[in-house]
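In this text, residue positions in the sequence shown follow UniProt numbering: the first is 1, and each later residue adds one.
The set of hints was computed from the structure by calculation and includes no laboratory data. Take these hints with a grain of salt, some might be off.
Across the chosen pairs, the derived CB separations fall in these ranges [what the hints assert, rightly or not]:
{"no.": "1", "residue 1": "G454", "residue 2": "K553", "range": "16 to 26 Å"}
{"no.": "2", "residue 1": "K827", "residue 2": "E654", "range": "35 to 45 Å"}
{"no.": "3", "residue 1": "E892", "residue 2": "D456", "range": "33 to 43 Å"}
{"no.": "4", "residue 1": "G454", "residue 2": "D728", "range": "49 to 59 Å"}
{"no.": "5", "residue 1": "D742", "residue 2": "S867", "range": "16 to 26 Å"}
BS3-like, lysine-lysine: derived pairs with alpha carbons at most 27 Å apart [as the list claims (entries may be wrong)]:
{"no.": "6", "residue 1": "K662", "residue 2": "K155"}
{"no.": "7", "residue 1": "K761", "residue 2": "K645"}
{"no.": "8", "residue 1": "K1107", "residue 2": "K1006"}
{"no.": "9", "residue 1": "K994", "residue 2": "K927"}
{"no.": "10", "residue 1": "K263", "residue 2": "K583"}
As the structure is a prediction and not an experimental result, all values here were calculated from the model. Glycine included, every Cβ here is placed at the ideal spot set by N, Cα and C.
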Amino acid sequence: MVSNYKNPPTFDEGKPYESWKNEVEMWTRVTDLQKKKQALAVALGLSGRARETAMEIPVDDLNKDTGMNTLLEKLDGLFLKEEKDRTYDAYSSFDRIMRDSSLSMADYIIEFEQRYSRMRKYRMELPDADVTLSHYRDEEILTISEKMNTAEKQKILVKLHRQFGHASADRLLRLLSSSGTKDTECATILHRIVSECETCQRYSKIKPRPAVGLPLASQHNETVAVDLHELEPGLWYLHIIDQFTRFSAGSVLTTKKGSEIVKHFIHDWISVHGPPQKLFSDNGGEFNNDEVRDMAENFNIEVKTTAAYSPWSNGLIERHNKTLTEIIMKVKTSNDCDWETALDWALMAKNTLQNVHGYSPHQLVFGQNPNLPSVLTDKPPALEGTTKSEWVAKHISALHTARRAFTEAECSERIRRAVRKQLRNTDDRYEMGEKVYYKRVDCPEWKGPGVVIGQDGAVVFVRHGGTCVRVHYLRLRKVKNEDDGHVMNDDTERTIDFEQRQNSTGDTNSNDDAGDEDPENQSDADSDTDDTETRVSTGGQTDKEHRTDVQLKIGQILNYRDVHSGSLYRAEVLGRAGKATGKYKSWYNLLFIEPTNVAGKTDSVDISKLQNLQIEPTVDIVNSSEDVLITKDVSFDHAKQEELKNWRDNNVFETVQEEGQKSISTRWVCTLKETPAGLVPKARLVARGFEEFKVSELQKDSPTCATESLRLLLAVICQRKWTLHSMDIKAAFLQGVELSRDIYIRPPSEADCKGTLWKLKKCVYGLADASLYWYNRVKQIVLEAGGKISKVDPAVFYWIDQDCAVTGVLACHVDDFIWGGTENFSKTVIPHLRSVFQVGREEHDCFCYVGMDFVTVDETVHVHQESYIQHMQSINMSPSRAVQHDSFLCEEEKDLLRSKIGQILWVARQSRPDALFDASNLASKLKNATVQTIHEANRIICKLKSKKVVLNFQHLGRDPGLKLVLFSDASFGNLSDGGTQGGHLIVLMGENGKFSPLSWQSKRVKRVVRSTLAGETLAMSEGIDNAIFLAMLFSELTSGCTDHSPPIICVTDNHSLVDALKSTKSVSEKRLRLEISSIKELVQMQKIERVLWSNTKEQLADCLTKKGAPAHQLLKALSDGQWKLE
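Sequences are here, hints too, so could you generate the full structure?
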């Protein structure tokens, strides 16, 4: 017995260790010692082996609030194991004596484990029976010798694994070791057997839950969690809690409708604290519905949900639900008050008494605790403890009861044990296309396998047959045996058949599993290929077909007869009124359309009790998000056969028998291509590359010709007076280099290859690295033809003759080539390319290339995008919406604006530098776009259409007189947020002032600048970097090396910058000195010939940095193709 509460119980190895632990637990409850000192006191009171073990723990670890847990965990490892061993030795001896001689030892061990598991006296896990009892069955142990080959060893080990009830690899290794087996290969074989065993995978344990999660909020009202907790049948309370301050609010509900949730959330939280940034909830239908999402969209709230069957994902509110519910029940029982009163005072007690970050939630939110009745603050009348009002008395009684109940609940040992329970987190990532098993709480075995189609944090989306389920990653297990997807036991097949029958009869999953997806909207899971066809569901569905199983979709129109009045009603389905698996699964919310006296009203209706129910037929387009084009009365059969012929002609695949190989599916992309002969159906067979395993680890990037490189190529061709040509390669990706890995695809139905797979020899459209394989093929052929790869742009090639003169140049943009060269080049190199590649259309003088029109007139190439610009459409708005200039855009309007901004930026960067600043400024406003932003986009489109701009590329005179001229400019602090816009224009200019435009840019200066000088310097530095790139490429394409770069001339309208570059005096801003010194160094190295000043009116880059700056000088220069430097 403990005589002094300051002295902990002493430990004697002669008595049970668990008994001593109970004494220590009781002592910690009654001792006056601080919590930090308790572990130190217990450790000093130990003796023998216990003291030696305790002394191994650092003092700092014991001198903590968790020091006692650390000490006991260390002692558990020593003494609990010994107690288990002693107990098991006694029972193993007893069971050996009771063994029936007719029973084999292997079967006896399995039966022994089952009998021992049913024992409750010793309350401990069974140690490895096969290891402990192995020496009683030496004659039955299957021995493994080093003389056996791997196949023989595996056969014996598989038998042992199954004979011992699918024992783990470690248990079997201990068994083999105790039997004298020393073979080192057994461990590898055993681990492979266990990892590939389907039964072990299906009945394995799920991953441990996370011990702690990262905080979801760092300030008040950043993340708010919500949950419903049942008080009694048909009565719930809505609990709302702030994740940072733990401040709670709530109200009592009699229904779980989404409209009621929205009403009470706005009343209890938003009206007091304002809208939170995030709303965190489970996947229940009361939160995961259109009304809650609509509320969130209107209040700018981001909605996040947890995975199915994973309450720990929202563990904070689950723990506080327990505390709050216990308080409510005690207040209700003690005072016989109503539920609303009990909830109100329970929330008040929790918010004012709980300690969070050193303060109560009420203090963290409002700055102070409320002035509640207390002996410390009460004035004399309040100390009397009497009142004339029964209502006041009930509330004061409820207040004090709630405060007492909270203190009791906070100290509850049940809650304390639940909160301190040890959990672990593995944080696995799942790749798209991986096969996995998933666990459900109502089933002892793993379900699946399913295919991962995405992951959002801890929630993994798995497609299983025709159903999409949301699963927490802790309840997932990867399929390690590749054959599992094709070979299953009978039980699995029966389970999947049953699920498929459920889907075919229209049964839906619970909200946790299926979310908002409707099985009728999902694509056919058994289909390997998708054609771009329109599927229409015709005919109505009556109430006689599947009255209780009919599934309605939002927006469907119903016609039915009312049971009581006999009136005919017509209504639109708004959504479910209850969970899909609950007792209200047949209840739906309807918006009445007819008769007129109820039109516009809403109500909840049980469709299983409606008379003459008819569902109006709807047109349902399947997989419209995947199809590239949907047409009517157009046949793509011939186009598909042509594509299959291309695959065979290019020797893309070889046919193999399907033997369970991992394969990926295919689909057709059907389009109508515009040709001189009219619209022609085209079909392309595409592999679903995202289904390939570990696709994220592949190298996928491949070079394409930069826009600046393309313009420089035009300038070189015009300077050499060569003819400009374009060449289109047919089925380019099918002509790539040989594949370096094995990929099997399932043939489309049009190929008529049942029971076989196609093993790819070459990369095909849809695979992640198809473009890279094509580029490698192009590079290989060009090098074989004597070409060279540019050092600065690998998508540009050139050829030189014996005199080191460049004879031809070529650039590739995926499967589109553009080239020019001498007559000899056209007769030798180009025919070689035609013989190797399947060439489609070839054009010269006038053609379209990568969205731009090229027209050659008198050795001058004109480039424009007039046809594309004229097809651009403005964004239409209703007159009432158009006048709301400051109104923020909805998501649909934002998507439309985003599309238009992309079109404008494309045109501005390719052929319209005069619109580049407006386009760049418009793109920066997209995040907070308003109706006024749409008006600005429409004005830019009108501006582009109002004036045709043509870029001229021409012969500029002698090569030695050529130079790169850089016009740079910046506008200090002219952006809406105070930022600085910088821009530049680079041209290749001859001695006579004629030029070819090469590059232009307008963008925000990368860092914050403090002066106009700093902005101008950074803009010039950015332009010089681009000019050096172009100078080196020009040198390569004209001389075959990078040593003959043309000189660079910089033009600015900033006097201070010109003076700073000429002066030896440093500028005051130290960061700016680095940029200026780098420009000075380039001048000294003669990479820059000189820096000129020009007035603003003659600065061609002025319109690239300012809104409303006149662009007529730039447009005139581009039109004339000439500019005179002063």
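Do the hints match the structure? See the list:
no., hint, verdict
1, G454 / K553: 16 to 26 Å, "holds (23 Å)"
2, K827 / E654: 35 to 45 Å, "holds (38 Å)"
3, E892 / D456: 33 to 43 Å, "violated (23 Å)"
4, G454 / D728: 49 to 59 Å, "violated (36 Å)"
5, D742 / S867: 16 to 26 Å, "violated (45 Å)"
6, K662 / K155, "holds (25 Å)"
7, K761 / K645, "holds (15 Å)"
8, K1107 / K1006, "holds (19 Å)"
9, K994 / K927, "violated (42 Å)"
10, K263 / K583, "holds (24 Å)"
Hint check: violations occur at hints 3, 4, 5, 9; the rest are consistent with the structure.
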